[in-house]
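2 protein chains.
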Amino acid sequence: MQESQAGIDMISPWRSPLARALHRHRSQPFSRYFQLATVQVDGRPANRTVVFRGFLDNTNQLKIITDTRSQKLEQIHHQPWAEACWYFTETREQFRLAGKLTSIDANYPDSELQKARQFTWQNLSDNARLQFAWPHPNEKRANCEAFSPPSPDPSQALPNFCLLLLDPVKVDHLELRGDPQNRWLYVRDESHNWLTQAVNP
Amino acid sequence: MQESQAGIDMISPWRSPLARALHRHRSQPFSRYFQLATVQVDGRPANRTVVFRGFLDNTNQLKIITDTRSQKLEQIHHQPWAEACWYFTETREQFRLAGKLTSIDANYPDSELQKARQFTWQNLSDNARLQFAWPHPNEKRANCEAFSPPSPDPSQALPNFCLLLLDPVKVDHLELRGDPQNRWLYVRDESHNWLTQAVNP
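Protein chains in written order, with our numbering: chain L, 1 to 201; chain W, 1 to 201.
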């Protein structure tokens with residue numbers, strides 16, 4: 001599908017089966033978690049669970065949040081390509097979404113994306129916001145009091161709050177329940193057209 | 001912990017919390033699935049769901065199976081490092097296991113590991129074995145009959161059946177339920193001693 005003249009992406013064809021899977025798992029909060037693989041500076045892969053925060057308005061880009069102090073950020077600056085793996089337990093289907101990540105930190109120049117960053121911060125739970133005021137992740141365990149900082153201002157994102165955007169160029173959808181299993185590849189070409197092909201599982 | 005003189009690894013300290021998580025999710029077959037990140041030849045990450053097939057006897061190596069025709073194999077030959085991300089939905093805890101992968105295919109010279117490969121094949125379900133007789137994965141969808149081949153011999157692994165072993169050198173265990181969250185790092189040093197440290201989540 002082509003990007004429109006207004007710069008608004010059409011809805012990609014993989015959005016429909018993904019929306020259906022999310023709807024069918026709406027009672028399970030963990031169905032909004034997926035695993036995000038990146039590559040470390042030393043060339044080894046890294047993999048962690050992240051929370052899906054919806055799509056950026058009028059695009060097919062998935063929103064994730066992170067802390068600028070986390071190891072992901074350094075990895076992404078070095079190698080922006082990532083692959084999300086999203087498994088849905090009830091319908092037994094998997095989506096693999098490969099694309100580049102963009103990190104929207106406090107210094108990111110685009111004002112629209114800066115608004116999206118602030119909006120995402122405002123929509124977090126108090127508990128989720130509090131984690132950005134915790135001690136430096138991955139360092140030696142701090143004492144208990146360090147984890148009870150004053151609540152951050154809900155209207156103004158902390159400087160270490162970062163919005164990540166995953167812009168898929170290839171989506172691999174596998175249905176284990178098919179007989180035999182069904183698998184589709186969606187590939188975006190340089191004109192932003194999506195090609196869909198049924199492949200062997 | 002040190003490797004004993006008999007070449008048998010002691011049980012690593014992260015095995016105990018992992019065994020507890022598996023036990024507490026024993027009624028959910030999908031709790032034995034995790035996401036395995038590898039790196040492609042072009043330097044981009046790949047990520048997919050795999051099934052945990054237990055530990056190789058007397059080691060801390062996780063068993064996975066794959067098809068030699070899958071893209072993973074080429075990736076692993078190029079970059080053997082991988083990271084597994086294993087999220088447990090009920091207890092809300094995550095294990096990240098980083099280490100090298102070894103692929104035991106039909107030509108692997110070690111007779112003990114070849115036995116382990118055959119044993120793993122014999123213990124698969126009929127349906128799982130059948131998939132190794134399916135058409136080439138990831139190619140254009142074959143016709144329906146191609147997915148109903150004769151059942152493979154349960155006593156003799158097909159040549160494209162491959163046992164993968166993940167040998168963790170670093171394990172990152174995060175408990176989201178803690179107040180605050182708890183996180184431990186387990187790191188194996190060159191003498192195969194495991195160091196355990198509590199770190200900030």
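Bear in mind the hints are in silico, worked out from the structure with no lab data behind them.
Mixed in with the good hints, there may be bad ones.
Claimed, not checked - Under the rule of at most 30 Å between Cα atoms (straight-line distance), these lysine-lysine pairs were calculated in the BS3-like manner:
| no. | chain 1 | residue 1 | chain 2 | residue 2 |
| --- | --- | --- | --- | --- |
| 1 | W | K170 | W | K100 |
| 2 | W | K140 | L | K170 |
| 3 | W | K115 | W | K170 |
| 4 | L | K100 | W | K170 |
| 5 | L | K100 | L | K115 |
| 6 | L | K140 | W | K140 |
| 7 | L | K170 | L | K115 |
| 8 | L | K170 | L | K100 |
| 9 | L | K100 | W | K140 |
| 10 | W | K100 | L | K170 |
| 11 | W | K115 | L | K100 |
| 12 | W | K100 | L | K140 |
| 13 | W | K115 | W | K100 |
Said to hold, decoys possible - Residues from chain L that face chain W, not an exhaustive set, calculated with beta carbons under 7 Å:
| no. | residue |
| --- | --- |
| 14 | R44 |
| 15 | T89 |
| 16 | T91 |
| 17 | Q94 |
| 18 | F95 |
| 19 | P137 |
| 20 | E139 |
| 21 | N143 |
| 22 | V199 |
Using N, Cα and C, we set each Cβ at its ideal position, and we do this for glycine too.
Hint by hint, here is what the structure shows:
1. With a CA separation close to 10 Å, the supplied pair K170 (chain W) and K100 (chain W) stays within the 30 Å bound.
2. This hinted pair checks out: K140 (chain W) and K170 (chain L) have alpha carbons roughly 16 Å apart, not beyond 30 Å.
3. The straight-line distance between the Cα atoms of K115 (chain W) and K170 (chain W) is roughly 28 Å, inside the 30 Å bound, and the hint therefore holds.
4. Of the supplied pair hints, the one linking K100 (chain L) and K170 (chain W) holds, its CA atoms being roughly 27 Å apart against a limit of 30 Å.
5. For the given pair, K100 (chain L) sits about 21 Å from K115 (chain L) by alpha-carbon distance, which is consistent with the 30 Å threshold.
6. Taken as a hint, the K140 (chain L) and K140 (chain W) pair is broken in the structure, with Cα atoms around 50 Å apart against an allowance of 30 Å.
7. A C-alpha spacing of about 28 Å is found between K170 (chain L) and K115 (chain L), which places the hinted pair at or below 30 Å, so the restraint holds.
8. A hinted pair counts as satisfied when its Cα atoms are at most 30 Å apart, and K170 (chain L) with K100 (chain L) qualifies at roughly 10 Å.
9. Taking the CA atoms of K100 (chain L) and K140 (chain W), the gap is about 26 Å. The hint holds against a cut of 30 Å.
10. For the hint linking K100 (chain W) to K170 (chain L), the alpha-carbon distance of about 27 Å falls within 30 Å, and the restraint holds.
11. Annotation: proposed proximity of K115 (chain W) to K100 (chain L) is violated, straight-line Cα distance about 42 Å (limit 30 Å).
12. About 26 Å separates the Cα atoms of K100 (chain W) and K140 (chain L), which keeps this hinted pair within 30 Å; it holds.
13. Only pairs whose Cα atoms come within 30 Å are accepted, and K115 (chain W) paired with K100 (chain W) is accepted, the gap being roughly 21 Å.
14. Taking 7 Å as the C-beta cut-off, the interface hint given for R44 (chain L) holds, the closest approach to chain W being about 4 Å.
15. Look at T89 (chain L): its Cβ gets to within about 5 Å of chain W, closer than 7 Å, so that hint holds up.
16. Residue-level restraint check for T91 (chain L) is violated (minimum Cβ-Cβ distance to chain W is 11 Å; threshold 7 Å).
17. At a threshold of 7 Å, the smallest CB-CB gap from Q94 (chain L) to chain W is about 5 Å, leaving the interface hint in force.
18. At its closest, the beta carbon of F95 (chain L) sits 10 Å from a beta carbon of chain W; the interface hint therefore is violated under the 7 Å criterion.
19. With 7 Å as the threshold, the beta carbon of P137 (chain L) comes within range of chain W, its nearest partner Cβ sitting at about 5 Å, so the hint holds.
20. Residue-level restraint check for E139 (chain L) holds (minimum Cβ-Cβ distance to chain W is 5 Å; threshold 7 Å).
21. Among the interface hints, the one on N143 (chain L) is violated; its C-beta lies about 11 Å from the nearest C-beta in chain W, farther than the 7 Å criterion.
22. With a least beta-carbon distance of about 5 Å to chain W, the hint placing V199 (chain L) at the interface is held under the 7 Å criterion.
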